[in-house]
Structure formats: structure tokens, C-alpha cells
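**Q** First to last, the protein sequences are chains A and B.
Here the first sequence is numbered in my numbering, starting from 2 and rising by one per residue.
Here the second sequence is numbered in my numbering, starting from 100 and rising by one per residue.
It should be emphasised that the hints constitute simulated quantities derived from the structure, not laboratory data.
Note that this is a predicted model, so its numbers are computed, not measured.
Mixed in with the good hints, there may be bad ones.
Stated by the list, open to error - Only pairs whose alpha carbons sit at most 35 angstroms apart, straight line, appear in this in silico DSBU-like list of lysine-lysine:
1) Lys36/A x Lys145/B
2) Lys151/A x Lys86/A
3) Lys204/B x Lys62/A
4) Lys198/B x Lys62/A
5) Lys198/B x Lys123/B
6) Lys168/B x Lys53/A
7) Lys53/A x Lys204/B
8) Lys224/B x Lys62/A
9) Lys62/A x Lys145/B
10) Lys36/A x Lys224/B
11) Lys172/B x Lys36/A
Stated by the list, open to error - One side only, chain A facing chain B, incomplete, derived with CB under 7 angstroms:
12) Arg10
13) Gln11
14) Ser30
15) Leu37
16) Val66
C-beta: ideal position from N, C-alpha, C; glycine also.
One letter stands for each residue in the lines below.
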Amino acid sequence: MNWLGEWLRQIIFIVLLAGIIEMLLPSRSMERYVKLVLSLLVLMTLLNPVLKLLDGNPAEKLQRVIEDQLNPKAASQSSLDQILKQGELLRQSSLEDSLKWAGTETAQQMKTQIEANTGLDVNRVSVTIKVVPASAADTDEGEQDSQYDKPVISHIEVYLNPAAEDTPVMANPDESKVNSGFSSDSSLGTIQVPQIDPVQIHIGRIGVGTMDNGEQGPEVTEESSEAGDAGAGRDDQVSEDGDQPVSVAPDTAEGSKITQMLGSSWGVSKDLIEIYQLGSRVKP
Amino acid sequence: MDMIQIVGLGLIAAILSLLMREQKPIFAFLITAFAGITIFLFLIGKIGTVLDTLEELAAASGVQNVYLKTILKIIGIAYIAEFGAQIVRDAGQEAIASKIELAGKVLIIVLAVPIIGIIIETVVKLLPA
Numbered sequence: 002m003n004w005l006g007e008w009l010r011q012i013i014f015i016v017l018l019a020g021i022i023e024m025l026l027p028s029r030s031m032e033r034y035v036k037l038v039l040s041l042l043v044l045m046t047l048l049n050p051v052l053k054l055l056d057g058n059p060a061e062k063l064q065r066v067i068e069d070q071l072n073p074k075a076a077s078q079s080s081l082d083q084i085l086k087q088g089e090l091l092r093q094s095s096l097e098d099s100l101k102w103a104g105t106e107t108a109q110q111m112k113t114q115i116e117a118n119t120g121l122d123v124n125r126v127s128v129t130i131k132v133v134p135a136s137a138a139d140t141d142e143g144e145q146d147s148q149y150d151k152p153v154i155s156h157i158e159v160y161l162n163p164a165a166e167d168t169p170v171m172a173n174p175d176e177s178k179v180n181s182g183f184s185s186d187s188s189l190g191t192i193q194v195p196q197i198d199p200v201q202i203h204i205g206r207i208g209v210g211t212m213d214n215g216e217q218g219p220e221v222t223e224e225s226s227e228a229g230d231a232g233a234g235r236d237d238q239v240s241e242d243g244d245q246p247v248s249v250a251p252d253t254a255e256g257s258k259i260t261q262m263l264g265s266s267w268g269v270s271k272d273l274i275e276i277y278q279l280g281s282r283v284k285p
Numbered sequence: 100m101d102m103i104q105i106v107g108l109g110l111i112a113a114i115l116s117l118l119m120r121e122q123k124p125i126f127a128f129l130i131t132a133f134a135g136i137t138i139f140l141f142l143i144g145k146i147g148t149v150l151d152t153l154e155e156l157a158a159a160s161g162v163q164n165v166y167l168k169t170i171l172k173i174i175g176i177a178y179i180a181e182f183g184a185q186i187v188r189d190a191g192q193e194a195i196a197s198k199i200e201l202a203g204k205v206l207i208i209v210l211a212v213p214i215i216g217i218i219i220e221t222v223v224k225l226l227p228a
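In isolation and in its complexed conformation, chain B is listed as follows (with noise of 0.2 angstroms):
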């Protein structure tokens, strides 16, 4: 049901969008980022409830809250980045895009940063001197 609900909405924005398109181009970008976040924060909530579930799962297990956040960080930036970037190219502004895409890139890496420090120390300490 749900899928059908977004599968209706995205065609209705796609015609309505077309038929903007001749006369008034920024409406039609308007209606293509309306129905694109519409549909976003429709799958937040269904990510939601994936996020919880793995919390809990990583409770019981036992990792490490760090690492599961990290991870969760991963996923927040990459979908955030990711929307941001599609918005802007279907508004035809790919150079903008990529730039979005790039710092969502950045920023993926610079979580890893912390992760190389403390496991390259633990290589250079297990290493004679």
C-alpha cells in the first residue's frame, strides 16, 4: 500500500511536472522537489525503524555504542547528501550537485579519520622500534 501511495504520488508530480515544464519551468521544479521530499520523509520514518531495531540489535550484542554510531552517521550523511544532490540536478544545476555529493564524501571520510589514527598507532606500537 505504501509503495503504491509513492508510486502514485511520483507519477502524478512526474506528469504534472512535464506539463509545467512548457510553461513555467520553475514550477515544474518546484513540484519535482515537493514530490521528492514528500517521498523522503515518507522513508524516514520506515528508516526509522530499521535505525531502532539495529540499536537494539547492537545492545544486545555488545558493540561498541561508538561504532554504531559512526555508522548511523555514515548512512545519515550519505542519504542527506545524496537527496540534496538529485534536488539540485533535476533543477539542472550539476556542477552544484557534484559539489553537494563531494562534501557528503568529505565528510564520510573525515569520520573515518579518527578510526586510521587510533589503528595505525596500534601498528606503530606493535611494531619494534
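Bound-form chain A, shown alone (with noise of 0.2 angstroms):
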């Protein structure tokens, strides 16, 4: 019954107003021409449920005609330019949830494909793939044959489940060396090949622990940067990285194993893979 007292209310609002304008009319020799107006205006209110029912909004198309009427070249322009911005935008969300669609299956397959290669337990596996543009890519030095956009994996993260104490040791004597290791790493590959970004590959443990907390705190932060400056399409994972109490450290064995696999059968590079280990209250 809503929409009756709404109807309703509109009607006995026309009508007022009609009584209103009338009164405000300067002379005479405008009056049947207002009253005509008027009367069709309290025609259409009358006829509002009908007209909604008929063919969607009446009040939206009158506005509409009404523009249309006022300024022909504009509102067709306006409505130009609209509807093919809204192309734009519906073709933009498409792309989104396909790559979307996309990077989740890719990501179940490599999970698939990493615990039953290297046994290791993983958590999930989140895989990001941007569109390149085909004027970017054609300025690249190994893709000169594409002419079309194409998705291309940029990011890949691999979340291990905490392990049953083995690779922490070693972890973190290594960490500066590897580390050195891998910043030379990914100014050679920012060299090379260009779209790439930089290596980091990473077992981290979420610092229950006193000593280890103490001593990873800080390469997080290095990392987090070093990250921040080197890919701009990375932020938003930045963040996400900066959010998590995912502590990241260098790997040596598993993660040179996975990063290995899924380079060779996915044919990313390297520098795109990252992994994490979520913390573990194992302590090795």
C-alpha cells in the first residue's frame, strides 16, 4: 500500500501547486496555455502506476525529452559520450573478473601441482595477472609478436603451512647473503627484461618467538620497501604483505625448489615468485 500513499500524496501536491501557479499568473492572455500545461501535468501524475507499469520510469524519460528538446546537440553528445563510458566501464569489469577468474584457477593448479611435486604443505596460493597493453608489449625486447593485450602473471604468492621444523635454522644465517644475492638479482632483471619485478623469494615466520621476532623485525621493513620502489603494480600486495603477520625470511631449499618448478611449468620468472611461511609455533 505504500506506493498508494505516495501516489497519492503526489496528486494532492500537483494539484495544490496548479492552484498555486495559477494564482501567480501575470494576465489573463497566458491562462488556457497554463491551465493546459497544468492539466497535463496533473494528467501524467494521475497516470503515474500505469505509466510505471507500462514502461519503467515515465518522470525519467519526461526528463529526458525534455533535454533532449532544450539542447538537442548537447544531450546527444552527453548521452554519447555516457554510453560509451559506460561501455568502457562494463568491458573494465569484465576484463577484472575474468583475470580475477583466472588467477584463482591458476593459483589451484600450482597448488595442486606444488604439494604434489615437493610434498610441502601449502596454504593457498595467490596468483595476480595484469593485462599488458599491446603497445608496451611490443616495445619489449622478447614480445615483439604480440598485437593484442595480454595477461601476463605478474605475481605470484606462495603461503607454506608452518613446517615441521625444518628450513628455519638455516634461515637465518643465510638471510644477508641471500638477500645480497637477490637485490643484485633483480637489478639484472629489471635490466633485462623490463615488465619483470624484482626476485624475492622468502620463507618467513610469523615471530611467536623472542629471538627470532627481534632479529626478522627489521627485514620486513627492507623488504617491504625495497618491494614498494620496485614495482608500482604491487602496492596493493605491499600493503597486503604489510597487513599479514606473515615475517618473511630468504629459503634455501623448498623455495628454490618451487619457485624452480613453477618457472619451468608456468613459464614465469623467478623475480615474480614470492614465498611466505606462516608462523609457526613449531620453534626449530
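Dock chain one against chain two, each of which comes alone in its own frame, and use the hints as you go.
**A** Encoded structure:
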């Protein structure tokens, strides 16, 4: 019954308004014409429910028609622009959806692959896929053949569940070496293949323990700042990493295994793969 | 108070214009036009408050904005056409005044055209083909 109340209110208001307007009118000569328009408006209000049943929103339609009438060129121009804009928005959103879908599918496959080949307990794999525009891809050395926008795996994050006391003992002493090695590798990588972000292979743990926490805290900030400088497209992931209580530390054996495997089977550069170890309660 | 001011202005303008008419008819017309414009501008402020109230009411009662806009446009056209026609008529150009009024009427009818169009469309849809 809500629409009935709305309808009645509109009718009452329009009729009142029409009365006031007739009083406001300056002279009798205009009266007939004004009365015609006012009565038409009252009629439209009366017919409003029927009109709504038949074709959407009559008021919007009326607005459109009136605007077209007042300035035909601008109206058509703006409507064309709007349509184009909407089309672009639709295209973007569908592209994003399909990219997201492809990312989750790829991540699923990678997860099963890693689990099957290495026997590690993988918590989750997140894959970011971005589209490289054709013009940008053409300028790159390797991909002159690409004429169209090309989806490229831009980032892979592998989160390992806490394993049974394997790697972490070795992780600490190797930190500085592996870090320096990776940073030099990253500069190399940016020179050779420009679209690729720097290498970061890490196994991290949530620092529950006192010693590890104190030592690895600074490492995390260094890594994240480095990553932020390196790739603009990865800012969101960097912030994500900041939010998550996953501490980052370089890995030795499993990490390289996983990266090699992913690199060979998916054709992804090692630079784009990051491996995290979720925090383990088991102290090494 | 406002009313007294307006009447006083009108009386003074009328007397001045009567005096001038003997010597220079063109100045008499100018005085009349000036008085008319002054009163009109004075009234515009008052009408503005009325229209503001109307808009608030419309927003409160949920009337479609288009309807109100159409109505306000009609008032504006009617006022301006009427005022212009009167000034020209004061100058003794009855023909031009009637043309101005005609223009006002046509513009008002033009505003009615889309509404008529929608109503007719609906009626046609309602009727069995």
C-alpha cells in the first residue's frame, strides 16, 4: 500500500501547486496555455502507476525528452559519451572478473602441483594476473609478436603452512647473503626484462619467539620498502603483506625448488614469485 | 511597507511620465520602463521565496523533480513574456507586444509537447492493437 500513499501525496501536491501557479500568473492572456500544461501534469501524475507498469520511469523519460528538446546537440553528445563510458566500464569490469577468475584457477593448479611435486603443505597460493597493453608489449625486447593486450602473470605468492622444523635453522645465518644475492639479481632482472619485478623468495614465520622476532623485524620492513620501490603494480600486495602477520625470510631449499618448478612449468620468471612461511608454533 | 514603496514609485513614475509626455515622449517611455523594471526586480525576490518554499514542499512530498521544473519554467516564461509585452505596449507598439505574447504562448506549449507525447504513447499501448 506504500505506492498508494506516495501516489496520493503526489496528486495532492500537484493539484495544490497548480492552484498556486494559476494565482501567480501575471495575466489572463497566458492562462489557457498554462492551464493546459498544468492539467497535463496532473494527468501524468494520475496515470503514474499505469505509466510505471508500462515503461519504466515516466519522469526520467520526460526529463530526457525535455532535455533533448532544450539542447539537442549537447544532450545527444552527452548521452553518446555516457554510453561510451558505460561500455568502457563494463569492459573493464568483465576484464577484471575474468582476470580474477583466471588467477584463482591458476592458483589452484599451482597449489596442487606444488603439493604433488614437493610434498610441502601449501596453505594458499595467490596469483595476480595483469594485462600488458599491446603497445607496451611491443616495445619490450622479447615480445615483438604480440599485437593484442596480453595477460601476464605479474605476481605469485605462495604461503606455506608451518612445516615440521626443517628450514628455519638455516634461514637466519643465510639471510644477509641471500638478500644481497637477490637484490643484485633484481637489478639484473629489471635491466633485461623490464616488466618484471625483482626476485624475492622468502620463507617467513610469524615471530612468536623472542629472538627470531627481534632479528627478523627489520628485515620485513626492508623487504617491503624494496618491493614498493621496485614495482608500482605491486603496491597493493605490499600493503597486504604489511597487514599480514607473515614474517619474511629467505629460503634455501624448498623455496628454490618451488620457484624452479613454477618457473619451468608456467613460464613465470623467478622474480615474480614470493614464498612465505606462515608462522609456526614449533620452535626449531 | 513594501507595498507602499511600490505604489509610491508607481505614482511618481506615472506623474513624471505624464509631465514628460508633453515635451519628450521618448523620456516618458523610458521613465515608465524604468519603473516597471524596478518593480519587477523587486518582485523577483518575493517570487523567489515562494518558489523556494514550493521546491521544499515538492522534495518533501516526493513529487518528481521534472514536474516541478516544468511548472517553474512555465511561470518564468509567462512572467517574462507578460512583462516584456507590457513594456512594449506602453511604448505604443501593440503589434510587437502581441508577438511577444505569442512567443510566450508557443514556448509554453512546447513544454507541454513531451508530456502529451508520453500520455499518447501510454494510451496507444493500453489500447488493444
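**Q** Run every hint past the structure and note whether it holds.
**A** Checked hints:
no. : hint                : verdict
1   : Lys36/A x Lys145/B  : 23 angstroms, holds
2   : Lys151/A x Lys86/A  : 23 angstroms, holds
3   : Lys204/B x Lys62/A  : 24 angstroms, holds
4   : Lys198/B x Lys62/A  : 32 angstroms, holds
5   : Lys198/B x Lys123/B : 27 angstroms, holds
6   : Lys168/B x Lys53/A  : 20 angstroms, holds
7   : Lys53/A x Lys204/B  : 30 angstroms, holds
8   : Lys224/B x Lys62/A  : 16 angstroms, holds
9   : Lys62/A x Lys145/B  : 33 angstroms, holds
10  : Lys36/A x Lys224/B  : 26 angstroms, holds
11  : Lys172/B x Lys36/A  : 14 angstroms, holds
12  : Arg10               : 5 angstroms, holds
13  : Gln11               : 5 angstroms, holds
14  : Ser30               : 6 angstroms, holds
15  : Leu37               : 6 angstroms, holds
16  : Val66               : 4 angstroms, holds
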